[in-house]
Amino acid sequence: MTALRQTTEAFDPVPGAAAPHLPQQPDLVQLLTPEGERVERPDYSVDLSAEELRDLYRDLVLVRRWDVEATALQRQGELGIWASLLGQEAAQVGAGRAMQPGDTAFPTYREHGVAWTRGVDPLHVISLFRGVDNGGWDPVATGFNLYTVVIGAQCLHATGYAMGVQRDGAEHAVLAFLGDGATSQGEVNEALIWAASFSAPVVFFCQNNQYAISVPLERQSRVPLYQRAAGFGFPGVRVDGNDVLAVLAVTRAALAAAREGQGPTFIEAFTYRMGAHTTSDDPTRYRLASELEEWKLRDPVARLKAHLSRAGLADAAFFSAVEAEADELAARIRTGTTEMPDPPGTAMFDAVYAEITPPLAQQREEFLAYQASFEEGER
Amino acid sequence: MLRQFKLPDVGEGLTEGEILQWLVEVGDTVTVNQPLCEVETAKAAVELPSPYAGTVTELLFEAGATVDVGTPIITIDTGGGSGPAPSPAGATAEPVPEGEGEPAAGLIGGSAPGGRTAVLVGYGPRNTEAKRRPRRSGAAVAARATAPQPEPTPQPPPEPPLEPEPAGPPPLLATAPDARAKPVRHGGLEVGRQAEAHALHDDAVTAVGAAHGRRSPRPLAKPPVRKYAKDLGVDLATVPGSGDGGIITRADVEAAARSAPAGGRVPGAVAPGVDEGTVVRGAFGADRPRGGEQRIPIKGVRKHTAAAMVASAFTAPHVTEFLTVDVTRMTRLRARLASRPELAGLKVSPLLFVAKALLLAVRRHPMINSSWDEAAQEIVVKDYVHLGIAAATPRGLVVPNVKDADRMSLPELARALADLTETARAGRTSPADMTGGTITITNVGVFGVDTGTPILNPGESAILAFGAVREMPWVHKGRVVPRQVTQLALSFDHRIVDGELGSRFLADVGALLHDPGTALAF
Chain A
1 MTALRQTTEA FDPVPGAAAP HLPQQPDLVQ LLTPEGERVE RPDYSVDLSA
51 EELRDLYRDL VLVRRWDVEA TALQRQGELG IWASLLGQEA AQVGAGRAMQ
101 PGDTAFPTYR EHGVAWTRGV DPLHVISLFR GVDNGGWDPV ATGFNLYTVV
151 IGAQCLHATG YAMGVQRDGA EHAVLAFLGD GATSQGEVNE ALIWAASFSA
201 PVVFFCQNNQ YAISVPLERQ SRVPLYQRAA GFGFPGVRVD GNDVLAVLAV
251 TRAALAAARE GQGPTFIEAF TYRMGAHTTS DDPTRYRLAS ELEEWKLRDP
301 VARLKAHLSR AGLADAAFFS AVEAEADELA ARIRTGTTEM PDPPGTAMFD
351 AVYAEITPPL AQQREEFLAY QASFEEGER
Chain B
1001 MLRQFKLPDV GEGLTEGEIL QWLVEVGDTV TVNQPLCEVE TAKAAVELPS
1051 PYAGTVTELL FEAGATVDVG TPIITIDTGG GSGPAPSPAG ATAEPVPEGE
1101 GEPAAGLIGG SAPGGRTAVL VGYGPRNTEA KRRPRRSGAA VAARATAPQP
1151 EPTPQPPPEP PLEPEPAGPP PLLATAPDAR AKPVRHGGLE VGRQAEAHAL
1201 HDDAVTAVGA AHGRRSPRPL AKPPVRKYAK DLGVDLATVP GSGDGGIITR
1251 ADVEAAARSA PAGGRVPGAV APGVDEGTVV RGAFGADRPR GGEQRIPIKG
1301 VRKHTAAAMV ASAFTAPHVT EFLTVDVTRM TRLRARLASR PELAGLKVSP
1351 LLFVAKALLL AVRRHPMINS SWDEAAQEIV VKDYVHLGIA AATPRGLVVP
1401 NVKDADRMSL PELARALADL TETARAGRTS PADMTGGTIT ITNVGVFGVD
1451 TGTPILNPGE SAILAFGAVR EMPWVHKGRV VPRQVTQLAL SFDHRIVDGE
1501 LGSRFLADVG ALLHDPGTAL AF
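Quick note, the sequences are listed as chains A and B, same order. Position one of the first sequence corresponds to residue 1 (my numbering), numbered consecutively onward. Position one of the second sequence corresponds to residue 1001 (my numbering), numbered consecutively onward.
Possibly wrong hints are sitting among the right ones.
[As the list claims (entries may be wrong)] On the chain A side, residues computed to face chain B include the following (Cβ under 8 Å):
(1) Q76
(2) I81
(3) D138
(4) P139
(5) E171
(6) T279
(7) F374
In short, the hints are calculated from the structure, not lab data. We treat Cβ as the ideally placed atom computed from N, Cα and C, and that holds for glycine.
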């Protein structure tokens, strides 16, 4: 795509690992190089303590381990499906940690890393993929809305919610998650228009992982995605999605602007889905192994680890403690998944409306009577 | 303790997968999530991680096997005697005692982890929901407790059901361990039988002590039993149901079929004391009761073969011509060539000469190497020959082809044929190897028969059957002498190939086999 290679100032994060088939990155915000070297950007300065940096690393490792374990559980027949976030940990953890307690996130179905930062129990997310509930967490208490499988629909929900926040006069912001493929959806474009028209306190956080299932980005857009924001009338910024510090800084700034009434921002987190779209997908059928190898050199977890080691902010004991914690988490997820009980049949009536309606109550009664007509009683 | 890992549905709604390769061997120590094997499904090729830590005691399928989802593929000894596995990841929620008394555990229809029933897809329903649940009497319903019961946590699998004392099918318990010990290879045939046998067993259990319940206008029976009755010509409306609520069981259908005047023998009805597994394996063995039938699900290679053959037979008007050839000179040449260094270590078979003769004859008659494009109303004549070879494999008939066989030297062709046959026998033939063929040879001679009337491989216009080479009395130079003689049969698509072309082509192949020196003139 010549339009995407409009500059000769080629961004080459890894010497010798240039990806000429990928769009080049003139405007990419990066605070940590793939080698773990700190880069200063006056417009997106971030000053984290050693402990905060170590916490971010811990988030990345635990989220990745959760994802790996869930993928294995699907392969063992314990989950119906799993949407892996492998490679997108920094984008999600950085965005999630940029949020403040009163903020609300509207995720797709892949934001496990954001769920983690909002305090959602991994088993609540897994129960959805096991098919025993519709998402077991409390969206209000966690500030993390339920997963949305319909591509892009959550952008409308987020915009509408943000307009509500605006009318409440609350100083909170809304973070809408979407993927590169979703930018081709009508709902997303409508949401961007409404958000711009009303200066809604919403930030659109697009994880550009390069593929809409199997469709590469160059089929979705002739311009870098962040540049689309200009057409809607608000700022767009491209951030290195594998750099957790840059993501944190950019998202913090965008959310702060939203809270202050400056309206929406579109963030394009430039990243890569290192795994399959879901466990039902086989990425080797549509992309080259060499591309994956290039992106492995930009791995978000290895990058922060390199920085921590290099800057002397963490020692081997810390890293092995995090690994041990990850093992514990994996074991808890494994045991919790296989022991997860099926819900009672009446659970389907409980969350249809905030208060049960008379017709629904009648259906519930009928269902109970039907269940009770069996000798074994309700199951 | 021994645990079995069943092939999961790694996509959404898949029913089977092919084991591409094993990454572990019997005796290997494995950890949780260590890759065990690579499996290809309709959607993706994926590695399956181990849910258990322990020692591999058995691989239940060989690489290349196509396995139904829900079928155990590997047995892992997690150690620790009869207790739950002490794996670090604690797989304690899957108590699957593979005890002596567990019938057909893990097979479809059998028990599965968490007190569930193994099914084709996913982790399956609970056992209790696999059967029609008994209804309360009216009074009991009225007095029911309305409070919802808390959902019980996963339970250990139910105790093995007690055997019904009289009548009913024979105990199958002795069969299960035996069936596990023998790897099931052929497209799930035995799996299917086991599942059926298990269903039979289930019905017998539900039949015990059951009183006749209400009868609805439409006779109540499970779909497989309906199918079964239909197959046997039994009208369900005339069959009294002995199951709970008047459900007609398999046993009821069998009883009705036995009492029918012209009743044929009943599939699956095995004389008491006869091991079902033995019967399945030795379908025509001496231990099988006479007059029985075996019902084999139509699936896999058999299904594809049937569809292809029917499509071919009813699309292309077939003509078959025969030619008997004295191939004595060819057999002599074969012996001479086999000692040449170029062909050292290669099998110089009669098939190799037939293939070479066919390729030379195709060069003279390119129209024979063509296909009929109905949609475009065109005949597609190919300037390349992808030579198909019909091969009998454990999975059934497959027709892989040698790409660009016409460009190969004799040693190259010999090597290609050997590779192709070996790959097919090992069940590793890839779909690409089986598509794009332009003409086919079927070597029926290897079975000792003389000839046949082959059916065209779909999309091709000719197929050559090559019979056994026999020493026969033959008129040679005016005298009857023993000579090496074979028969060729050529079937061709009469839409494309007329009798003249087919005859000339067959005569050319025959001439080359009769006197390989003729090749110099081609």
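Outcome of the hint check:
no., hint, result
1, Q76, "4 Å, holds"
2, I81, "6 Å, holds"
3, D138, "20 Å, violated"
4, P139, "24 Å, violated"
5, E171, "43 Å, violated"
6, T279, "6 Å, holds"
7, F374, "4 Å, holds"
Checked against the numbered hints given earlier, the structure breaks hints 3, 4 and 5 and satisfies all the rest.
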